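Based on the hints, put chains B, C and D in the right spot on chain A.
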Amino acid sequence: METLFSQTTEAIRREAKDLLESGKVAAFLGFVKGSLPTVTRPFVARTPEETDKLVWNGLCVMNLANYLPGLLKSLEPPRRPGEPPPEGPLPRVGVIATGCWSRNMVIQIQENQMDRERLVILGVDSHGMIDRRKLEVLAGGREIQSLEETDERVIISGRDFKMETARQEVLRDNCLTCVHPSPVILDKKIGPTVPERRVHEPFARIEEIERMDAGSRWAWFQEEIATCIRCYACRNACPLCYCPTCFVDDSHPQWVGKSIDKTDTATFHILRAYHCAGRCTDCGACESACPMGIKMRLFTRKLQKDCLELFASEPGLDLNSPLPLTTYQPEDPDTFIIAGSKKQGTQGGSEK
Amino acid sequence: MKILKLDNSDLKTLLTRWNETRDLFSPVEGNGKVGWQRIEPLAFNEPAEGVPRASIKVFFFPQPETLLEYSTRSGDRDAYVPRPAMGKGRERIILGVRPCDARSVMLNSLPFANDPYFKVRKDTTLIVGFTCERPCSTCFCSWTGGSPMGTEGMDIAMTKIEGGYLAAVLSEKGKELLGHLHDTKEASPEERKQLEALRKQAQKGTGPAGSPAEILRKKALMDLYNATFWQKLADSCINCGACTFLCPTCYCFDIQDETVKGKGRRIRYWDSCMFPLFTQHASGHNPRGQKIQRVRNRFMHKLKYFPERFGPLSCVGCGRCIRECPVNIDIREVMRDLLSIQ
Amino acid sequence: MDSASDKDQKWEPKIIAFLCNWCSYAGADLAGVSRFQYPPNIRIIRVPCSGRVSANMILDALKAGADGILVSGCHPGDCHYISGNLYARRRFALLKNLLEFIGIEPERINFSWISASEGEQFAELVREVTTRIKTVGPARHLVKEIG
Amino acid sequence: MSNPSDRPKGSVMVVGGGIAGVQAALDMADSGFYVHLIEKSSAIGGRMSQLDKTFPTNDCSACILSPKLVECGRHLNINLMTLSEVLALEGEEGAFTATVRQNPRYVDPAKCIACGTCAEKCPKKVPNEFDLGLGKRKAIYLKYPQAVPLKYAIDPDQCIWLKKPGRCGMCQKVCPSGAINFDDQPREIQIEVGSVILALGFSPFDPSILDFTGYGRLPNVVTAMEFERLLSPSGPCLGHMERPSDHKEPRRIAWLQCVGSRDINRACHGYCSSVCCMYAIKQAVIAREHAQGPDLATSIFFMDMRTHGKEFEAYYDRARAEGVNFHRCRIHSVLPAGHDDNLILRYVGDDGLINQEEFDLVVLSVGLEMDRQAAELARRLGVELDPNNFVATSAFRPVSTNRPGVCVCGAVSEPKDIPQSVMEASASALEASRVLAPSRWSETRKKEYPDERNVWAEPPRIGVFVCSCGINIASVVDVAAVTDYARTLPGVVFAQNNLFTCSQDTINQMAEIIKREGLNRVVVASCTPRTHEPLFQETLRDAGLNKFLFEMANIRDQDSWVHQKFPDEATQKAKDLVRMAVAKVRQDEALAYNTVSVVKRALVLGAGVAGMTAALSIADQGIPVVLVERKDRLGGHARKFYRTWQGDLVQEYLKGLCRQVEGHSHIDLRLGTSVERVEGSVGQFKTLLSDGSKVSHGAAIIAIGAGSHKPREGRWNYLYGKHPEVHVLLELDKRFIKEDPALKEKGQTVFILCAGSRVSEKPYCSRVCCTHAIDQALHLKELNPDMEIFMLYRDIRTYGEKERLYQRAREKGIVFIRYDLDNIPKVWDEQGKIQVEAKDPILDRPVRLHPDMLVLATAVRPKVDADVVSRAFKCSMTSDRFFLEAHMKLRPVDFATDGIFMAGLCHYPKPMDETIAQAKAAAARASTILAQDAIPAESITAVVDHGKCVGCGVCTMVCAYNAIHLDEDSRLATVDTAMCKGCGACVAGCRSDAVTLKNIGNEQIMAAIEAAMEIC
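Residue numbers (our numbering), protein chains in the order written: chain A, 1 to 352; chain B, 1 to 342; chain C, 1 to 147; chain D, 1 to 1016.
One chain only, chain A, in its complex shape (with noise of 0.2 Å):
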């Protein structure tokens, strides 16, 4: 059956094809298959004929964008640290980006982490990704045998069961509440343009945690990160945890305690979302990667909400807008002061 998916597949084929075989890249982003229904294989073609194998569904949930400094950096001639890179024009990289995939690459151009010139995007506006935990949840804990998608509707079956459901019912929560589907950075675009979408109270979530009382949204919070086992997939899903070491593996200085120590968990969850913090795309990566089906996505979610109430900032929109945290204004929000406010009006000490 003819989707938009099967589409997009075959205009994703057809140009990685086409940039492979022209020499434009030297190797091209994408997905294939899986082995189990309900996942997909990020793979790197690196010939034309391994275009063939690439695929486009909505169990594509992994950012691409993650994989492009290494796989750039493999391109490149190899050279000593601190060695200038060579004269000339250096191998490009094609890649399927949607909006928050490509709203990443923005945060990590202007964070130096990669050129702009070499990447092809092919831009693809998404259309929302499957959440596989929702699709467990909705089998009931049976085994998942097999998938089938259309442009609405997802059906799902297994040993002695097969099940359909709406795709809305079924999508990551942050496709649920995503209003930058487009990219906005890409060279080409893929497939139909999704309209700029008009998400209903998109913090719901967070102001229904807001709402509660310290001890509930502690309560809330212990539960949440209780099943963790420092596995750092999501940290490793994540394309801004670009860090050689991070903070959570250093041991000079050791910030966090390397076990399942409540707090050492608390801490690396806090941490990794802080340093997110006015960066974070919501591409929900962290999220399809963890094992264990912790929503660490609503940390960094609160933060999001935070940068666009307290700085009016929303991350990798504009390559020169810069990133929160590294500019201010003299009229910053400061009510969290409890001396010397402007709220108080006691600046310099005239209250003597």
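The set of hints was computed from the structure by calculation and includes no laboratory data. In this text the structure is predicted, and so the values were computed from the model without any measurement. Treat the hints loosely; a few may be bogus.
To be verified - Derived lysine-lysine pairs resembling PhoX-like cross-links, with alpha carbons at most 20 Å apart:
1) A:262 with B:263
2) D:565 with C:10
3) B:291 with A:73
4) A:295 with A:305
5) D:948 with A:73
6) B:232 with A:33
Quick look at chains B, C and D alone, frame taken from chain A:
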């Protein structure tokens, strides 16, 4: 081997009795997440098909294991003098353990043969296993030397039949656990036959011909090491530790001291060969500094180095890594690819 | 042996304060010079600038067992290093909200601006912060316990 | 240079080792001249060393003075000559020869280790003049505990041996180092110097000639100086305030003001002593703090409350709010109560009734007078004195004497407070070096430190020095327990408790201990590192250790002083603080001593009298100056001034000054220009001006002046702007300058003083208005002797010698009517005629006046653009929006930011002579930088671990100094150490922990945190 026939009320009686002197654990589903939890005896349900998300190694190779403790408080006479941390504690019984997980305990006791901490955990833990009626599509225990009906590592192995369970008594401790039922509830010859049939049936699983462990042991190391498919795996891999931390037979660890509020302890905690720091030298040099090297190492260790050293594969075919890998790296494909190398 | 409630009654909070060298630390000195009395619960760590204080440091203090945190710098516009406190203000705004979001009591994490001439204000601030922290009791959430 | 002998000498003689002399010596020595500092007693420190606390910050006098004394004592280019007197001064400016007699100490300073055994064994007890006789000392003695030099001396008038050789000699027997030399002889030394600075100080007035005070007769009547000693922790009662008669703590204390001041009849001193009102308030406040029991009653009896300095009025307000009683009346006599040696004072209360009150102690706020010996010395040196016997100076040359090359500073030229003395000291240093500039650095020596031991590979060997600070710490914190505890901390191999860790002997001992014990890290638990860190760090260098292997635990300012009622908790806190410091110092590393080369150019902002004076003072030394003025003409505020209080005409002087500035080859004048942006820091400022040019300069002086407040609305408006004959002070000056003939015709003039000052909206006193207004009144009387003049005032504040104007005004029949804030004068217009009504407090009824002219003495108001300048230069302001100096007492022209100085009205209102002195002081302070080729730069800088850096560039974006950039090749962050100020913004911004701050690293902060929480 003694086989008993227990009905549901026998099981309840046993659980109630066991709970008096021991802690009971079993897989518990809650909030969409499956893990091991301490349970009340009557709350026990036969486990859902497949294995819980967390592996059984949390009981034998806890995250973390405190190796020793000390004071860091200035003025304390014994400041910085370490003292052993571990007491034996109450015995534990783990219920509902699948054959693959039970077998992993046996495999892990190979590298941990001389480890006192592992030994204490093992000595104080009894396993009441439940054989697999319906393996999942990601299960491949029979490839690795196990079986859905396997009993390795268990003290008692339960197999569900019409109207109750057939319980195989596999150890002295298992015998003790059963108490008087051991002598009064012996299974009938028909029932024993039924069990035999189930076991035979289970051995007809799909998978590579012959024993992969044996075949891989014999293959030239460098042929496997230099295979081209490693690059493709590395292309997809994000180098997280989900596979290693969920795997029942991954046993790598690191040791560190932690100090807070005047107290210090030395802990052993899970580490993963997927992490760059795992092999980082103090000099800064890293012999496995690249992702491809780390991905290769994980599989080579499980499928080549471990068998060479200990015999079996370091894999029990539970399928956790396949199910939970965010980028769908599938160890079965790796095994097939390795086996196909001539 | 103390019962838990006895312990809580005797409990006095321990507060870690990160004070910038040029304004708030000087303000704390001035409080001393002027003999403005304040509760002895605070342990001051001198940093060059409030902009030196990272989220990691605040979490580390909580992990180490601090019942409360105070970070204080120069008033906006007065920063010895021009803008350190203004970057800090953004970082702190987000961090404080995030910590409250995951259930840390707002009373525990405190930020202020105190100038070198505000000895009295400093003493008053410490009194206020100590009282605030006392109302929420001993920290339990992000404190690391071992052994 | 033609003939080397034509060159002036490159050295200077400073006479007097009080705070003024010490400051002058330091400024001279730091700007390249060799200094001979002559002190007649056995140690420097002067009167300030005898004080307990200082106003208005309540700083411990010894604590803030001590570092300066130690610096002076250790300075390589200061030759400290104690027990010395100047006998004669021959020659002239540039080439003086002074004859100095050095009296015998009888103790060899090279051998004395100040162990005190001699004094302990000396059998001869004599009254201790340092304690004004309230305590005892021995015939062999140390002037005071923190004395510099810290060497004992024998009092030849008291020593048994020296009177009758062979009779005692106990000290010689017990001295462990053989330092006693009974054969010591006076020596006469000839010193060749280019100029001389007289900082001879003052004597407190001796009230025994005033019988009404009972002083000398009644044991519980003491002078203020004596009371300072009673309060002082190093005084005769160790800080437990006791009265002389029975050593009990007084419960009721009275202060009598103007004893020996403003008193022509009995004391023969017409002048005001300037400082007594403030010190009395301070003593009352401190006494209340000292009092063990509740509610010490304190009453101050005064005539006018003269709190005319910066932050003084606020101090006065606070004292009143805290319960110090103030009574406006002069006490007729102090009477014995007839029991318990108590005292009775009779006074007229606010209600007009006569009260009688009993006190346990009466403190006489004695004035300052010229020291007799100082006056003799002045005469010997050919230096003229004024009618009050102080050294004569003039308004435009406030630190010069009549003899060229002989400068003067401090209270010897007029009674004044410490900051004013320090200002003058710096000004006199400038004045003294002006002619000597060509010989800068010709006679100085350079400090050589021993090679630093490389301790990199050594395990920590930490020494901890716990200070008692007299009783400042020890009275609250159990210092012995803290010391014992310190010994148990990991890495600590040595711990010791000291009475005063900053005293010279302890400092010397510390250096010895570092060497003897092989210490490689040092912790001092005492006061604040903000004042004392440099002193101790210097000690480390002297002992061959890198100075950054050092930490302080602030157990005084942030512990004992703020937890006075909680000794247990304070002791626990002290232990925690020491443990935190030890945890941090363990990880300290030796750092490089960076330097910044100095751009030898000054930027002076503002071309009023202060700015022009400062510019000329620097330019005359051959250093280029860029003088920036916002207006398009020179002169500033002074253009509106008629004459100084001394009677000099301002406009003529100003014209001369402008001519000099305009014609000066080293002054680059930028009129109509303002500062846009300032980058860089001391030694290397880059300032963008509004004309688009960028000026590189090594130092800056801000002298942007102030304006006068015009009360266009509100209750202090008084028809201003509505009636043509209502003026503010400077508008009347304008009419004087224009010689307006209409002024002679005025029949009656009313002045309202404090018009809108010293009220909640504008709480400070503008210092100059009383004097200015009275001088204007006198000038009106000169123009028309028959003019009726009324002055409505709150307190007349003609401080110092300005009091003579007040006396003259009263002689001339000018009527003074006091008002208070409950009854402020009423002014209205009745058919074009000004009507004034005020309540006369003596008659207790309203007085109606109908002046032809009304003059309002309004506040001196900070410039609106002071805020802009403050932001551009990143310097702080007070709540009154005047610029805030680095230290109220001892750094009155420095900003907290290095390399920037202030002068004139932007600092605080002040008359012409003080403005000129401050301008010269600012120039002197700037010269200490501009005279150098390079100055020390920040050592605590950011450093990048390239193994962790990922080149994201966040650090480069948050750095305010452009001191960090991504390397073009490696694309990793790289720090430009010379530009880094060590703020740490990049460190906190870095997610990868790739940037850290040397010795303030994350691990060190974590170690401190963990240490703080070790016990909780």
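Hint by hint, here is what the structure shows:
no., hint, result
1, A:262 with B:263, "holds (17 Å)"
2, D:565 with C:10, "holds (18 Å)"
3, B:291 with A:73, "holds (13 Å)"
4, A:295 with A:305, "holds (16 Å)"
5, D:948 with A:73, "holds (17 Å)"
6, B:232 with A:33, "holds (14 Å)"
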